[in-house]
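Position one of the sequence shown corresponds to residue 1 (the numbering used here), numbered consecutively onward.
Honestly, I wouldn't trust all of these hints.
Stated by the list, open to error - Taking lysine to any residue and the SDA-like style, the derived pairs with C-alpha atoms no more than 20 Å apart in a straight line are:
{"no.": "1", "residue 1": "K193", "residue 2": "R2"}
{"no.": "2", "residue 1": "K240", "residue 2": "E221"}
{"no.": "3", "residue 1": "K240", "residue 2": "P192"}
{"no.": "4", "residue 1": "K193", "residue 2": "L318"}
{"no.": "5", "residue 1": "K240", "residue 2": "D252"}
{"no.": "6", "residue 1": "K240", "residue 2": "R107"}
{"no.": "7", "residue 1": "K193", "residue 2": "G287"}
{"no.": "8", "residue 1": "K193", "residue 2": "Q265"}
{"no.": "9", "residue 1": "K240", "residue 2": "E222"}
{"no.": "10", "residue 1": "K193", "residue 2": "P161"}
{"no.": "11", "residue 1": "K193", "residue 2": "R107"}
{"no.": "12", "residue 1": "K193", "residue 2": "E285"}
{"no.": "13", "residue 1": "K193", "residue 2": "W257"}
{"no.": "14", "residue 1": "K240", "residue 2": "R121"}
{"no.": "15", "residue 1": "K193", "residue 2": "V284"}
{"no.": "16", "residue 1": "K193", "residue 2": "Q175"}
{"no.": "17", "residue 1": "K240", "residue 2": "G173"}
{"no.": "18", "residue 1": "K240", "residue 2": "H111"}
{"no.": "19", "residue 1": "K240", "residue 2": "N109"}
{"no.": "20", "residue 1": "K193", "residue 2": "T255"}
{"no.": "21", "residue 1": "K240", "residue 2": "E191"}
{"no.": "22", "residue 1": "K240", "residue 2": "T255"}
{"no.": "23", "residue 1": "K193", "residue 2": "K240"}
{"no.": "24", "residue 1": "K240", "residue 2": "R281"}
{"no.": "25", "residue 1": "K193", "residue 2": "H111"}
{"no.": "26", "residue 1": "K193", "residue 2": "R281"}
{"no.": "27", "residue 1": "K193", "residue 2": "D252"}
{"no.": "28", "residue 1": "K193", "residue 2": "T237"}
{"no.": "29", "residue 1": "K193", "residue 2": "Q266"}
{"no.": "30", "residue 1": "K240", "residue 2": "W257"}
{"no.": "31", "residue 1": "K240", "residue 2": "L318"}
Source of the hints: derived by calculation from the structure; they are not laboratory data.
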Amino acid sequence: MRIGYKLASEAFGPQELIRQAVRAEEAGFDFVEMSDHYHPWLEVQGHSCFTWSALGAIAARTTTLGLATGVTCPSVRYHPAIVAQAAATMALISDGRFTLGVGAGERLNEHVVGQGFPSVRGRHERLREALEIIRLLWQGGYRSYDGRHLQLEDARVWDLPEQPPVIAVAASGRQSAGLAAELGTGLFATEPKTSIVDQYRNAGGQGPCYAEVPMAWATDEEAAVRAARETSRWAVTGWKVMSELPNPVNFDAATAWVEDHHIRQQFSVGPDAAPHVEQARTYVEAGFDHIVLQNAGPDPDGFLDFCARDLLARVRALG
Numbered sequence: 001m002r003i004g005y006k007l008a009s010e011a012f013g014p015q016e017l018i019r020q021a022v023r024a025e026e027a028g029f030d031f032v033e034m035s036d037h038y039h040p041w042l043e044v045q046g047h048s049c050f051t052w053s054a055l056g057a058i059a060a061r062t063t064t065l066g067l068a069t070g071v072t073c074p075s076v077r078y079h080p081a082i083v084a085q086a087a088a089t090m091a092l093i094s095d096g097r098f099t100l101g102v103g104a105g106e107r108l109n110e111h112v113v114g115q116g117f118p119s120v121r122g123r124h125e126r127l128r129e130a131l132e133i134i135r136l137l138w139q140g141g142y143r144s145y146d147g148r149h150l151q152l153e154d155a156r157v158w159d160l161p162e163q164p165p166v167i168a169v170a171a172s173g174r175q176s177a178g179l180a181a182e183l184g185t186g187l188f189a190t191e192p193k194t195s196i197v198d199q200y201r202n203a204g205g206q207g208p209c210y211a212e213v214p215m216a217w218a219t220d221e222e223a224a225v226r227a228a229r230e231t232s233r234w235a236v237t238g239w240k241v242m243s244e245l246p247n248p249v250n251f252d253a254a255t256a257w258v259e260d261h262h263i264r265q266q267f268s269v270g271p272d273a274a275p276h277v278e279q280a281r282t283y284v285e286a287g288f289d290h291i292v293l294q295n296a297g298p299d300p301d302g303f304l305d306f307c308a309r310d311l312l313a314r315v316r317a318l319g
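Let the sequences and hints guide you as you build the complete structure.
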């Protein structure tokens with residue numbers, strides 16, 4: 001089992017994200033996973049840097065730390081040819097430490113290029129075509145593709161690694177888990193559902209299974225809950241809301257109802273290791289082998305010290 005640290009690009013500026021990544025490597029994390037957004041979820045978060053630039057800087061500042069996008073939408077804001085090129089470059093400059101996490105995207109980030117945001121069916125059709133294009137380009141040579149939604153004309157990625165990066169495809173049910181097995185080489189999820197892993201494995205998927213584990217650490221339990229409610233209450237809205245709202249102001253309005261008990265239902269909170277270990281256990285027992293600790297607490301350095309001192313060893317023991 002490998003344990004990752006979530007870099008929240010919506011909550012911190014790029015220099016701080018790079019600093020946290022270096023500290024995560026020092027603390028003993030195996031990899032970092034970084035969200036790829038154009039907007040933050042909430043106005044109060046106040047950041048959203050260009051993820052690929054920050055990951056390149058992190059690769060240069062670290063030696064063993066794995067890197068992953070969590071996740072990139074390769075079909076609206078980016079054309080898949082650009083993602084194929086970016087991921088190949090990241091694999092080279094990180095000496096093979098990069099994983100490309102991909103998903104169908106959220107309106108929050110994808111509407112900004114003025115092409116609208118597809119229906120659920122349309123966005124999954126586009127994701128399939130995008131994965132086909134990325135895999136095609138990674139075979140080398142000049143390539144063309146004529147899909148229903150996406151096209152590629154006489155394109156070639158010149159700098160390719162000997163081994164292509166893992167493509168971890170975000171999944172929430174049978175159809176997306178099947179796509180992850182067919183066109184990806186890994187799985188990405190945010191819920192501790194055994195069914196998702198089973199559907200991926202039953203469809204022939206043999207790659208790593210990534211999952212984000214929501215936590216809020218602070219030296220005081222109430223402070224942890226307050227911080228998570230202030231900056232991460234968007235997470236309790238569910239995917240049908242998270243994928244459809246266009247701007248942070250909409251998420252501010254849509255989450256006005258969230259109270260402390262809603263946070264406690266979704267996040268493990270407080271200074272003690274036990275609830276955080278039990279939170280991670282549900283994901284490990286569901287079959288995930290790449291566990292990403294996602295801290296919504298107010299003190300990232302305190303959390304990293306806590307992980308180095310206690311939590312990482314106890315989570316590793318679960319596997």
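Structure-based check of all given hints:
no.: 1; hint: K193 with R2; in the structure: holds, 18 Å
no.: 2; hint: K240 with E221; in the structure: violated, 30 Å
no.: 3; hint: K240 with P192; in the structure: holds, 18 Å
no.: 4; hint: K193 with L318; in the structure: holds, 17 Å
no.: 5; hint: K240 with D252; in the structure: holds, 16 Å
no.: 6; hint: K240 with R107; in the structure: holds, 11 Å
no.: 7; hint: K193 with G287; in the structure: holds, 8 Å
no.: 8; hint: K193 with Q265; in the structure: holds, 16 Å
no.: 9; hint: K240 with E222; in the structure: violated, 29 Å
no.: 10; hint: K193 with P161; in the structure: violated, 33 Å
no.: 11; hint: K193 with R107; in the structure: violated, 25 Å
no.: 12; hint: K193 with E285; in the structure: holds, 9 Å
no.: 13; hint: K193 with W257; in the structure: violated, 26 Å
no.: 14; hint: K240 with R121; in the structure: holds, 13 Å
no.: 15; hint: K193 with V284; in the structure: holds, 10 Å
no.: 16; hint: K193 with Q175; in the structure: holds, 15 Å
no.: 17; hint: K240 with G173; in the structure: holds, 14 Å
no.: 18; hint: K240 with H111; in the structure: holds, 16 Å
no.: 19; hint: K240 with N109; in the structure: holds, 15 Å
no.: 20; hint: K193 with T255; in the structure: violated, 25 Å
no.: 21; hint: K240 with E191; in the structure: holds, 14 Å
no.: 22; hint: K240 with T255; in the structure: holds, 14 Å
no.: 23; hint: K193 with K240; in the structure: holds, 18 Å
no.: 24; hint: K240 with R281; in the structure: violated, 26 Å
no.: 25; hint: K193 with H111; in the structure: violated, 30 Å
no.: 26; hint: K193 with R281; in the structure: holds, 12 Å
no.: 27; hint: K193 with D252; in the structure: violated, 28 Å
no.: 28; hint: K193 with T237; in the structure: holds, 18 Å
no.: 29; hint: K193 with Q266; in the structure: holds, 14 Å
no.: 30; hint: K240 with W257; in the structure: holds, 17 Å
no.: 31; hint: K240 with L318; in the structure: violated, 32 Å
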